[in-house]
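Novice: Fit chain B to the known structure of chain A by using the hints.
Below are the chains, spelled out letter by letter.
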Amino acid sequence: MKRYILKRLGYAAISLILLSLTIFLFVRLTGDPTVLLVEPGASQADIEAIRHQFGLDQPLWVQYGHFVSSLVRGDLGHSFYYRTPVLELYLSRLPSSLLLATAAMAFSLLIGIPTGIMAAVRVNRWWDSAGKVFALLGLSVPSFAVGLLMILFFSVYLGWLPSSGSGSVAHVIMPAFALGWYFAAAHMRLTRSSMLDVLGSEYVKLARLKGLPEALVIAKHAFKNALIPVLTLAGINLVIMVNVAVVVETVFAWPGIGRLLYEGVSFRDFPVVQATVILNGAMVVIVSLLVDILYAVIDPRIRFTR
Amino acid sequence: MNGSRSAALTVAWRFASLASFRTEGFPTIPVIILGVLIFLAVFANVLAPHDPEVGNLGERFRPPFWQQGGSEKFPLGTDHLGRDVLSRLIFGARVSIVVGFTAVIFAGVLGTGLGILSGFLGGWVDQIIMRVTDAWLALPALTFAIFLAAVIGPSAMNIVIILGLVYWTRYARVIRGEVLSLKERDFVRLAIVAGCSKRTIMKRHILPNVLNSAIVLGTLMLGVVVVTEAALSFLGVGVPPPQPAWGLMLADGKKGLMAGYWWLTVLPCGCIVLMVLSANLLGDWLRVKLDPQLRQL
Numbered sequence: 001m002k003r004y005i006l007k008r009l010g011y012a013a014i015s016l017i018l019l020s021l022t023i024f025l026f027v028r029l030t031g032d033p034t035v036l037l038v039e040p041g042a043s044q045a046d047i048e049a050i051r052h053q054f055g056l057d058q059p060l061w062v063q064y065g066h067f068v069s070s071l072v073r074g075d076l077g078h079s080f081y082y083r084t085p086v087l088e089l090y091l092s093r094l095p096s097s098l099l100l101a102t103a104a105m106a107f108s109l110l111i112g113i114p115t116g117i118m119a120a121v122r123v124n125r126w127w128d129s130a131g132k133v134f135a136l137l138g139l140s141v142p143s144f145a146v147g148l149l150m151i152l153f154f155s156v157y158l159g160w161l162p163s164s165g166s167g168s169v170a171h172v173i174m175p176a177f178a179l180g181w182y183f184a185a186a187h188m189r190l191t192r193s194s195m196l197d198v199l200g201s202e203y204v205k206l207a208r209l210k211g212l213p214e215a216l217v218i219a220k221h222a223f224k225n226a227l228i229p230v231l232t233l234a235g236i237n238l239v240i241m242v243n244v245a246v247v248v249e250t251v252f253a254w255p256g257i258g259r260l261l262y263e264g265v266s267f268r269d270f271p272v273v274q275a276t277v278i279l280n281g282a283m284v285v286i287v288s289l290l291v292d293i294l295y296a297v298i299d300p301r302i303r304f305t306r
Numbered sequence: 001m002n003g004s005r006s007a008a009l010t011v012a013w014r015f016a017s018l019a020s021f022r023t024e025g026f027p028t029i030p031v032i033i034l035g036v037l038i039f040l041a042v043f044a045n046v047l048a049p050h051d052p053e054v055g056n057l058g059e060r061f062r063p064p065f066w067q068q069g070g071s072e073k074f075p076l077g078t079d080h081l082g083r084d085v086l087s088r089l090i091f092g093a094r095v096s097i098v099v100g101f102t103a104v105i106f107a108g109v110l111g112t113g114l115g116i117l118s119g120f121l122g123g124w125v126d127q128i129i130m131r132v133t134d135a136w137l138a139l140p141a142l143t144f145a146i147f148l149a150a151v152i153g154p155s156a157m158n159i160v161i162i163l164g165l166v167y168w169t170r171y172a173r174v175i176r177g178e179v180l181s182l183k184e185r186d187f188v189r190l191a192i193v194a195g196c197s198k199r200t201i202m203k204r205h206i207l208p209n210v211l212n213s214a215i216v217l218g219t220l221m222l223g224v225v226v227v228t229e230a231a232l233s234f235l236g237v238g239v240p241p242p243q244p245a246w247g248l249m250l251a252d253g254k255k256g257l258m259a260g261y262w263w264l265t266v267l268p269c270g271c272i273v274l275m276v277l278s279a280n281l282l283g284d285w286l287r288v289k290l291d292p293q294l295r296q297l
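For the protein sequence lines, the chains are A and B, in the order given. FYI, my numbering numbers position 250 of the first sequence as 250, with every residue one higher than the one before it. FYI, my numbering numbers position 295 of the second sequence as 295, with every residue one higher than the one before it.
Next up, chain A with everything else stripped away, as it sits in the complex (with noise of 0.2 Å):
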């Protein structure tokens, strides 16, 4: 066990080594990175004060050194259009993103689960058929064109819901159905499938041997089991669409991390693009690392047979 968690300690540190040597190297390799770090406009004078202050005219590995360094003290620098440390941003937007991505979650897992319990069960009849189609659908139709169509349905047209921003419930509910929709699919198919292999297993066939009730069966010794794949992949997934968000967020308006990118993007703010990037990544490799222990943990196969 102790072995296991500290090899993938080590993979992850690698994982986190090689995202910030990708983005440092292709800031710097891809043309002048001063073009991107100076504000629009700026003097030769500032030009040549922010090349010396960021090492730029430094060999490769001093420079690596230095913009690794600069991560671990927690500095990213600063916003060229709010003028505040991009982190204290990053920060501030974090629980927007997380409310809307947990919103998104609970409507996956409440449609995915129960369809995929159902789908498992009834192989091949017409409710599996219909999920089916909900999964085909739902991993093809892309979020941006789930939230439009909302928004022209729901707010345009009936007038029930609010197009954008954010502050009530009725503000959450179409950017969250909007993003979690295509999760729903995933934890719907996820589940049908591990479903179908718990319900073929030697305690499940035990179970209705010694005349329990299928009811029981399903509810008490398959669906339980059946789960353990579905919430490892639900852990990964939240983080997942923290950065997916970013569209969904541009189109209701909603003031989270995926927004912010969007603004980073469209001000021409390059440190608050890169910040957004690097603590986006890294949120990613860290929690997957956390799952990975957990699901360690709760199942010994994992931690073993490796």
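By construction, these hints were calculated from the structure, which means they are not laboratory data. Quantities reported herein were computed from a predicted structural model and do not represent experimental measurements. It is possible that some hints are incorrect.
Stated by the list, open to error - According to the in silico footprint, chain B covers these stretches of chain A (three or more CB under 8 Å from chain B):
#1 21-28
#2 142-150
#3 273-279
Unchecked claim - The list that follows gives simulated cross-link-like pairs (lysine to aspartate or glutamate, EDC-like), each with its CA atoms no further than 20 Å apart:
#4 A:LYS7 x B:ASP134
#5 B:LYS73 x B:GLU53
#6 B:LYS183 x B:ASP126
#7 A:LYS132 x A:ASP197
#8 B:LYS73 x B:ASP51
#9 A:LYS224 x A:ASP197
#10 A:LYS7 x B:ASP51
#11 B:LYS198 x B:ASP126
#12 B:LYS254 x A:GLU263
#13 B:LYS255 x A:GLU263
In this text, a Cβ means the ideal position worked out from N, Cα and C, and glycines have one as well.
Specialist: Quick look at chain B alone, frame taken from chain A:
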């Protein structure tokens, strides 16, 4: 080696790549839709009734012809600059098809090449390639693509490069796995005994045998790539205006959304959905047809 991979990501990846819709029989309708889109893309200059990039402000926000105020001149209406929506949709198909296919091929060549090298050579080459693959797989694709687009700058060509750089990992993983099992097969062993160079073996014996999987993956990736391109264009870091990309049309259409100009949103959305849906259905059918190994997963 396998243990190095995040267990949860394995679940996620296995699922994401193999989200099966299990279609029965040949997907006639999806193939027709893709065929029509390719036809539109190729003959866009002949088929489009107007110039997609030039509008007439006097004709702005005209609805489709069947609605009051619409005219036969602009069958599907006009946008906020008075540009013909039908012409923009037709030329938008060209952008989506060209960007989609080239990005899928670029990612496929890169990923398949690295997957073969990694699987066949093994050792430190394998270690390095797979570490990089895992780290890149862990990066959130859309955020990473936005970052690259912000650094490199927007253009259709750059989008292809960015999508290729973001999505090659999907191929590398699967292809490497296949190469590992191919390596143990008799015909490869015989080639080694016969003294073939590693290069010849990879080119003559390994590559043809992983090509099917690469094609299946490519078709399934087409939908992902088209959606990502549309999302990037929608966010303003994809295909630059005034080029007619579907994602860009949606970004423009949002301006007229609250006023009820539905055709500016619904029509581009419909095109994107039709294309992605068709690509997914075709990919799924191809998988079952071409790749008996993937079928069981």
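Novice: Next, verify each hint and record whether it holds.
Specialist: Here is how each hint holds up against the structure:
1. 21-28: That given contact holds, which follows from 4 residues of the stretch 21-28 of chain A lying within Cβ reach (below 8 Å) of chain B.
2. 142-150: Holds: 5 residues of the stretch 142-150 of chain A have a Cβ under 8 Å from chain B.
3. 273-279: It holds: at least three residues are needed, and the stretch 273-279 of chain A offers 4 whose Cβ sits within less than 8 Å of chain B.
4. A:LYS7 x B:ASP134: holds, 14 Å
5. B:LYS73 x B:GLU53: holds, 16 Å
6. B:LYS183 x B:ASP126: holds, 14 Å
7. A:LYS132 x A:ASP197: Since the Cα atoms of A:LYS132 and A:ASP197 sit roughly 18 Å apart, the hinted pair holds (cutoff 20 Å).
8. B:LYS73 x B:ASP51: holds, 13 Å
9. A:LYS224 x A:ASP197: holds, 13 Å
10. A:LYS7 x B:ASP51: Distance ~59 Å between A:LYS7 and B:ASP51 Cα, so the pair is violated.
11. B:LYS198 x B:ASP126: holds, 15 Å
12. B:LYS254 x A:GLU263: holds, 17 Å
13. B:LYS255 x A:GLU263: holds, 17 Å
Hint 10 from the list above is the single one not met by this structure.
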